[in-house]
Each structure stands twice: as structure tokens, then as C-alpha cells.
Amino acid sequence: MSERLERGLNKLRAQIDSKVQSYFSSCVHCGICAESCLFYTETQDPRYTPIYKTKPLHTLWQQEYTFWGKLSKSLGFSKSLTEQDFADWEPLVYDGCSMCGRCSMVCPVGVDIAYIIQKVKEGLAAAEYSPDDLVQATKRAVEIGSPMGVKLPALQAQIRHVEEETGMKVPIDVVGADYLALLSSMEIMNFPEYIAALVRIFKQAGVSWTLCSEAFEATNSGLQIGNSKIAGQLVQRVVDGAVKLKVKNVISPECGHAYSAIRWGGPNFIGKAYPFKVVHILELLDELQQTGRLKTSGLEKGRITFHDPCQIVRRGGVEAQPVRLLKSISENYVEMTEHGHMNWCCGGGGGVSTIERAEDLRIQVFKRKKSQLDELNVETIVTACANCRLVMEEGLEHYDMDIPIIGMTEIIAEHLVEN
Amino acid sequence: MIANLIDGLLWNISLVVFAVGVSWKMLSIIFAKRPVDLSVARASSIPGAIKTVFTRFKPAAGMASRIQMKIVAGYMFHLGLFALMFFAAPHVRFLDNEFLGFSWTAMPHSAFIISAQFAFLGLLMLWLYRVLDPVSKLISTTGDHVASILTFVVMLTGCLALLESFSELRLLHRFSVELFLIYFPFSSLMHTFTFIPSRAFTGAWFGRRGISS
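Protein chains in written order, with my numbering: chain W, 1 to 419; chain L, 1001 to 1213.
Hints listed in this document are in silico derivations from the structure and should not be mistaken for laboratory results.
It cannot be assumed that every hint is accurate.
Said to hold, decoys possible - In silico DMTMM-like cross-links for lysine to aspartate or glutamate, where the CA-CA straight-line distance does not exceed 20 Å: (1) K272/W to D1037/L; (2) K1033/L to E64/W; (3) K1137/L to E35/W; (4) K1058/L to E35/W; (5) K1033/L to E122/W; (6) K1033/L to D17/W; (7) K367/W to E35/W.
Please take these sequences and the hints and turn them into a complete structure.
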């Protein structure tokens, strides 16, 4: 047995906990999860059935935890996992699953399939069966501090532009601020208007906040590739920055997996609770609005909808806030037929958008979102995830759909009552 | 002699295997390592766990039209089998005499026939899915097929034994039940019990995040 296979198997073995045992004991292989997964519905390829993506871990569990599995393995009727199995499942798990977790909402016996798939990723990553694009992004995140290679000077340059545009100061490294705002590389490079929106909103609402020069990146490639150790390293940077600046709260930006990593996974990755609170920007905006600190005026006239980012809404629990926010600034808000925690993914979550070889598949599965949008006939799409935004922009362009997409924070800032 | 074996020793063995096997399996799941979640919960996990145990009886929003036949077949089979197991007159008498010491009103013969038709048709449809539907075919295991066949045999011999005109048919039914009980803890039939912790684990996870699942 090769060393990498052994590493992968040991990692998979370590993933078998109470929940995994319960889930595998309960699954009757009904296949209902397939109908909830856009990678299956849009390709009709049964290999994209969510529970099938967990097969490496299922095989190991069966052979080491069940009577028949042990018996058939000892009699030579079933084969142990091989490197070929790892190689075969790598594209299924990384390219063909956006970790959206829709399958986990529909399983009749309650299996949280996304939870298991994340564990399979841990095994594949340990055996070095991960897409090179994700490996490189993770390397950059560890060595440079950002999966896109964004360094502090690039952020500082964007800050200068924002300050020129808004005429307001962007606070950085302010000790004792109430809030530390995190950003995603995509926001820094592709959507700096998010930073401008923050400055304007926080100024009006009188929020004491800061950025941190040593911990501005919120994304977490460790989570995407399935390496908890690296995920912990990246979370620790944020914790160190927040502690150094003595902030009371950390704001997760408009990025789905970043929220998942910093809000829910983070304390578990580093093995201890935070000395601060984590809020998503949507939660904070909603709270500011509900308490009267954030005042907006005017209503968007055209038909407008919200694309729910999976990790923020379905797996993050921030569901009511974006709806309240959007309704407060629009008179023609419409919902997709399946929305909120049952919304369909854009197809690029979980690291899929980073994988170049997955582009054709991503465009193919975007047909699900396309059909949702075709039904609505909207003039504007609002979302709260820079990755969803970029993936949807590519999809819309590919299918010749001319619908602008805007971030929630940005559109709220456009409706601010000027002081 | 065979009758004595089936009614006596084998019956007792199958009951012990079933009871010990199911208990062992459930305990091994409940007491297996379960890492503590260190993130700050948005809400209590307990209501979510309890709620999800019940809400998953109903298909998720927007899914019904996609999985219509699977839902119909699943409900037909499970409800039909439940009625047969606990309300067929011979079973009510058997449970009274052998285990409980009390009984309840059994269903009339016509209801038995309808329940049996539901259960058979449901099981047949589910099994056809397993062998014909590309998704189910790909993910089904040998164990799933064995479980389906065993269940079918138990139901078939049960119907044959209904009239109680031949002792051999009753013995055949009991023998098939014994095989079923012995196979049960080592198979996906365990979902009869493990669906509860599975739904509860997932419900608790979603519940602490403030998500309705």
C-alpha cells in the first residue's frame, strides 16, 4: 500500500463518528437525494447522486464496522479501497458537488449528506487527490494569506480608491473598535464597491469598525479542499487579528463559505471558543435597520429577486434578514419558486468555481438557476456572496441573459438616507 | 421435529439475535465518538432534533412532484406493512399470547386484504425502482436486494398462512420471520430504528444554526 493511500485511508477512518455511523446505517439507497442535486438534475448522470459521492467512506465503514462487510472482506468477496477509487471519486466530489447541502434537506431518513461529503474530502485531500487549482489556491492562502494571492498593498490600493470615491476614511488597525470587518479576495479585486458600501453604511449608522492589515481575508481554502488543519490555521489568523485589535465582533463578508468557516467551523477547527462574536453582514445590516440606526429611502421599481447563497441561508441560518432588507428598498420583490433554505445553488460553491476543468459542468448545471430566473422575468438579481455573483455573471453571460447582479450591502448603500 | 425446532429453539435464537443485535447497533451509534461543537449556537439544538424526527415524514418543499411515485410507493409499503404487523388478527393474538398479555381490536379481513395489496404493490414498486431506475440501480447494494426479497417472502408466507388451514404454511411463515429477524440487525433494515437518531442528529445540527429542517 502506498504512503498516500495509507494517509487517505487513515484520514477517512478518523472521520467515522457517531453521526456517520447512524447515517450509513439508515440509508436505504432510495435515490431521492439525486432529485435535489443540480449536478444530477441537469446532467442526468447517476454518478452525481449525492449519496454515491460518499462511497469511499461508505465502503470503509461497511468493511470495518458491519458484520457482512467484515465477513465478505475476510473471505475476499469485497475489495479494499485503492488509489484508483480515490482518483475516480476526486472529480465527483470536488467538481460535481458545490457542498450546497440541498440533499441534506430532503433525505427521508435525515442523512446530512453534505456533512459526509466534507469528510470524504478530508480523506481525498490527505491522499493528495484534490484538484490542482484548489491545491494551489490553498497554498497561496497559507503562504500569501489569500487564495487569489491578494496582498496588503493591493488592499491598500483599493482602500485609496474607495476613500477618493466616498470622501470617507476607511479605518484600518483601529484598536478597540466594536467590529472587525473581514473581506474576501473576490470583494477586494472584483467588487471593491462592497468596501465603499460598508464605509457609507457604517458612517451613517455610527458603527465603530476597522479592517485589520494582518487579517483581512475571510475565505478559507482549507474548508474547500477538506483540510481541517489548514482551515484552522487560516481561522487562527483572524482570531489573532481580532484579539490584537481587541474587537468585540467580527463581521463575515458577503461570501458563503467564509461565513461557514468563520462562524460555524472556526472554533472547531482551532479547538476553542472565540473571545468575540461573529456576525454576518446581513445580520448586522438587518439589526441596524430594525433598531433604526440604518435608514433607507426610495424603492427599486423593477422586478427584483434574491439569490440565497447556500452557506449563508441553507447551512448558515441567515434566511429572514435578506428578505426583510430587500423588501425595505423595493416595491417589486419576487421570490423564486424554490427559495430560502430550499433555493437552488449557483453551481460554483464549495470550491467548484476555483476548478478550471469543472467550467463546462458548472455552466451546464447553471441551467437550473437559469430556469428559475426565466420563470421570474426579473430586472435585477441581488445576492450576498461574491462567489455566487461571479459564477452567476458567467452563467448569465453564457446563456445571453442580460440581468444585472448586485450585492445586498451595495444596494442597501444606494438607498441610504444621506446625513 | 422441524416444527419443534422452528417454534422453539430457532424462534428463541432469532429473538435473541434480533434484540441483542438491534440494541448493540443502537448503543454503538449513540456512544460512538461525537465531537462537541464549540461554535456559539444561535438556538437550542433539542427542538430542532425533535422537530426533524417528525418533519421528514413529509417530502421537502418543492420535491413532491419530482419524487411522486417513490413517495406513493414508500407510504403504501410502510403503512401496509405496519397495518399487517400490528392489526392482522393472527398477529394480535400472537402478540397477546406470546409477549404482551393484552390485545386490541384486529382489523377485519377486508382491511387485511387491502393492507396486503398496499404493502405488496409498494414493495414491488420500490424494488422495480432498485432494478430499473439508473440512480437506484447504481447505489443499491446486495444487502438492499436481500432485505427486499426477505421482506417479500415474509409477507407472502404470511398471506399463505392466513387461513391457518395448513400447519406447514404457518411454520413456513414463522421460519421466514426468523430469518428476517436474524438478518435484520446486520442490514439496512436497521433503518427502522436508526432513522430516529439520524433525523435527530441532523435536526440538532440545523436547529442550533436556527434553520428549519
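| field | Enumerated hints in conflict with the structure, sorted upward | value | As far as the earlier hints go, not one is violated by this structure.
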